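Based on these hints, arrange chain B on the given structure of chain A.
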Amino acid sequence: MKPRRLLTISALHGIALALGIAIAVPAMAQSEGKKPRPDLVLTGDAKCTRCHDETEDYPVLAIGKTKHGTRADTRTPTCTKCHGDSETHANKPADAIERPAPDRAFGKRSKTPMAERSAVCLTCHQNSATRSHWDGSTHQTSEVACSTCHQIHTGHDKVRDKRTQPTVCFTCHKEQRGQIDRPSHHPIPEGKMTCSDCHNPHGSVGPKLMNRDTINDVCYTCHMEKRGPFVHNHEPVNEDCSICHNPHGTVTPTMLKMRPPFLCHSCHTPHSSNNIPSVNGQQVTGIASVGNTTGKSATNYAMARGCLNCHTQVHGTNNPSVMNPTPQFNLR
Amino acid sequence: MKTTNKTLDLVSTLVAAALLAGTGTAYAQDEDLVKLTQPESYIGAGIGGQTGNPSDRSIWGQYNGMRQDDVYLLFDFDYNKRDDATGQWTKIYGYNLGLDTREAGISFEKQGDWKLGLDFNQLVHREIYTVNSGMLGYGSTTPTIPANYPAPGAGTEFNPKTTRLSLGLNGDKWLNKALQFQFNVKSEDKQGTRSWGRGYDCASYVCLGQIGNATSTTRQRWAVLWIPEDIDSNITQVDAKLNFHTDKLFLSGGYYGSFYNNKAGNMRLTVPGSLNNPFPPNSPFFGSAPLSGAAPGGTSLQNVLQDPMALAPDNQAHQFYLTGTYAFTPTTRGNFKAAYTHATQNSSFASMGLTDGTQPTNDLGGELNTLLLQAGLTAHPIPKLTLNANILYEDRKDKTPLAVYNIEGAAPSTTWTNTPIGLTKTTGKVEASYLLPAMIKGTLGVNYQKIDRDLPAPGVEVAGLTGLRGNTEEWGIRGELRRSISETITGAVSYEYRDRDGSDWWNLCTSAACTAAGLVYGGTYPNGTMQSANNDLGAYPYMLADRKQEKIRASADWLPTENLSIQFVVQNQSDRYAPPSSAGLQKTNMTTYSVDSSLALSESWKLTAYASLGEQKVHTGQNTGYRASIKDTTTAFGLGVVGKPTGKLEIGGKVSYLDDVTKYPFTLYDGNTNAAAINQINTYGGLPNVAYREFRLNAYGKYALQKNADIRVDLIHFWAQLHDYNWTYLGVPFTYQDNTTVSIDPNQQVTFLGVTYIYKFK
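Protein chains in written order, with the working numbering: chain A, 1 to 332; chain B, 1 to 762.
No lab work stands behind these hints: they were computed from the structure.
Note that the structure is predicted; figures quoted are calculated from it, not measured.
Mixed in with the good hints there might be a few duds.
[Stated by the list, open to error] Here are the simulated DSS-like cross-link-like pairs (lysine-lysine), alpha carbons at most 30 Å apart as the crow flies:
1. 35/B to 108/A
2. 158/A to 241/B
3. 587/B to 226/A
4. 161/B to 257/A
5. 208/A to 631/B
6. 67/A to 248/B
7. 762/B to 91/B
8. 548/B to 208/A
9. 762/B to 81/A
10. 162/A to 173/B
11. 257/A to 587/B
12. 81/B to 81/A
[Claimed, not checked] Listed next, the stretches of chain A that the computed footprint assigns to chain B, with coverage defined by at least 3 CB atoms under 8 Å from CB atoms of chain B:
13. 71–82
14. 110–117
Just so you know, even glycine gets a beta-carbon here, dropped at the ideal spot from N, CA and C.
Same shape as in the complex, but just chain A (with noise of 0.2 Å):
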């Protein structure tokens, strides 16, 4: 081709291109401030997303992902029925040094009041049956409020996943935090337990927000042969699981607040005198002479399963017999 005619077809594309944006550019502002711009993810969110964008840091679109990103659902929520109509957060004051905040926020340095991050969720969620007792709780009562555990901008709530649940509630609970890697727990590090199976943070009628009216009612659900009753019945595993029991975790098999006979000792006078509880091979003479030649030795109520060697049936026994010997010690 002759170089002049190439340098035609090259200045045709580039006064094309630059026409095709010059048109763009000021049609793009043209259109805002003529046709609205559109809602992203909720009804009316365009006031919001105008700056919170899927460019935004904190993943505010996300809530898309969730039932409250569900527009079909006439009852989900408006960014503004959560966060308040925030008008001078939307359209900051000339005379505003800073962008106010919005309305109502809820994250860890805002100002909103406890109360009323949490009423705005109960508008919606107060008629729930797990949530009757929200009002006088233990955690309301201390203010924590929904949004403390809950994330609603996200499509991974880790509070209401039971694999990452724990690592919420220990925010707090530190306590737990520790015991629940002892050798005896429950499931929860492993992720088939968490804490909700057993507690209802949303407030309960049962003590320790237990998710059923008592303790028990609460461990029966998983070990309901304990419940009973029985022929012969241990009246302390009837009353409440933790008195002997630490559901947390603990070094002890079964869960046990203590071994025995350290924890039986706690209410029962133990068989024979100056039996020192002791182990095969720390005794003196005197101890061994006692210790290991009874059933009821030393030795044989510090180690295996301690009282439990012989008074087996310890949550009771529905073992009928009246032949000696009769099992009203749990033996059988």
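Below, chain B without anything else, positioned relative to chain A:
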């Protein structure tokens, strides 16, 4: 016109220019928007391998399904689909499908209208100990100890485990705008074996003539045996409720039914005619001393050990309840619950195979009826003031008929009946909070609890106790200062004090000293009388004893910069018991200190760290001769990091360390002058320490192969050390009378490496 390449180039440029003018950056926005706003789904498939053997992994693999094998399939998926036009969701998930701790579920939901879901869950619990035994019939209800049981350590290795399989169906439906029906049905089968035992020290009236004294060399007096409890049962729960609401009122009425069914009623052990006493080895007191042989008016130890052992009976409970809330005014709200539970246990003894001797009844006829009433009120009479009040009343009536089930002693024997377990509990709380300056909320509260417990009727055996109590009553006060709103520091300080006492003690002491002091069985006497009559001996149940409890807690959450947060928590609880004796539990104390921090180094990198120290002390004493001051110290720390070195790569890791040591030092019980006891405590001081240490490293890397596909590598290192005197000490195992031993590898470690391909889609 001929169309040349150059002409086509110009045309395409013109088209591009037109598009640019008309649509701006719309194409790029739509794709990003979909990614950010639509529910996500993924499938992850991979493989994982680990080091060691099952013994190295008994603590690590207790619940995670990765104890037995070296290689596992890793397979998870999560499908979430929403029809934006109708608001209908479809969710299907499956986790850990390559392991025996798998779970899966499917649910359909029209948001705001109805929901239906089905879920499956499998959980295997493997005991961390290994049993070595010659036992036959493991996993049955009739295990047998063969006559030629092996030497210690020469038997078969058993790892008891239980498997839970559950199936659940749940759903709800809005019948109209105010009325919703919800239901949940769950059925769980539990099967397997659990470490259990059988032991007996033959009372002379039982094995009359078989035992002369404790050093008899002709007849075995006692035996302690390990047996595997056979488990084959089902738990079914049914929950159905109707919820109704108006602007001010919310009501929920429902039914909760729970049913336990056990396929096995009893276990019967077969025991050979002679067993071993390995304490100490080659004891001069016992060799293979015979257990069998009839006794006049009595039986043999062998026969006693072979008596049937009852397993848990079937039982059921039905609860009907009504609960709700009412907004009296915009600032005053009440809640309540009323529930009635009818629980029964009427498994026939014959169906359970418990037929030895003449039964007083065909079944227990167990019946417990519980009435629960609760009412609460929250009010804000002025904006800065909040008032809370709550009262809970629980009345459990034991309607189980009394019958003679016990017989004790040689003829003429003493007979006893079953034990009633009714109780009435009243719990109340009143609290006032006021917003002070600087956004600090001050709270003062009073709480109360009274428990009335059924006392044994005449003819009820109560073993090993010196006294019982008809009721306990506890008052408490609580104060707190809390600051929740601040740009830099929030926190709270609280103090709580509780004081418990109760009715006079119901005497169970029939010793010569008690009788001489004028105490009668079943009479009621105050603390001081019981203490002096019984010479300050005998233990009393600690949950009935007088108690003073104090709790202090302080926490602070400090945000020194935008990127750094530091949290401090200190808490202490002490309980001081005052039973009518220096024996039993006397006091406990728990203290925990912890500090946590989080630092955002940049938009892409974040560090976390924590450290905690905890201490628990228990002081208890026994009139057999010792006092124990048990002390447990727990130290833990952790470090974590998450970051994105590049746009496609994400890495993370955390290390944690836990050190838990429990010490059992003894001192002599007051006034104990027994030479052997003094010698024992002076020589050994107490029991050996129990120590558990654990180190975990969890690291991962995730690389985006494509926009919708990642590859993830997980590296986990787990190290644990458990020193526990229960089963072995200085290399010498505790040995049961049939030479069964139980052991655990005290030093365990496992390294796991997994690679997973993750495909994401919408």
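Structure-based check of all given hints:
For a cut-off of 30 Å, the pair hint linking residue 35/B to residue 108/A stands: about 28 Å separates their Cα positions. Our distance criterion of 30 Å between C-alpha atoms is met by residue 158/A and residue 241/B, whose separation comes to about 28 Å. Between the alpha carbons of residue 587/B and residue 226/A the distance comes to roughly 29 Å, so the proposed pair stays at or under 30 Å and holds. Among the hinted pairs, residue 161/B with residue 257/A is consistent with the structure: their alpha-carbon atoms are about 23 Å apart, no more than 30 Å.
Distance check on the hinted pair: residue 208/A and residue 631/B sit about 26 Å apart at the alpha-carbon level, within 30 Å; holds. In summary, the hint linking residue 67/A to residue 248/B is supported, as the alpha carbons are separated by about 25 Å, within the 30 Å threshold. For a cut-off of 30 Å, the pair hint linking residue 762/B to residue 91/B stands: about 12 Å separates their Cα positions. Distance hint between residue 548/B and residue 208/A is fulfilled; the C-alpha atoms sit about 20 Å from each other, no more than 30 Å.
For a cut-off of 30 Å, the pair hint linking residue 762/B to residue 81/A stands: about 28 Å separates their Cα positions. Between residue 162/A and residue 173/B the alpha-carbon distance is near 25 Å, which keeps this suggested pair within the 30 Å criterion. In summary, the hint linking residue 257/A to residue 587/B is supported, as the alpha carbons are separated by about 14 Å, within the 30 Å threshold. Of the supplied pair hints, the one linking residue 81/B and residue 81/A holds, its CA atoms being roughly 26 Å apart against a limit of 30 Å.
Figure legend: the segment 71–82 of chain A, annotated as covered by chain B; annotation consistent (5 residues with Cβ-Cβ distances under 8 Å, at least 3 required). Using a Cβ-Cβ cut-off of 8 Å, 5 residues of the segment 110–117 of chain A lie near chain B, which meets the minimum of three, so the contact claim holds.
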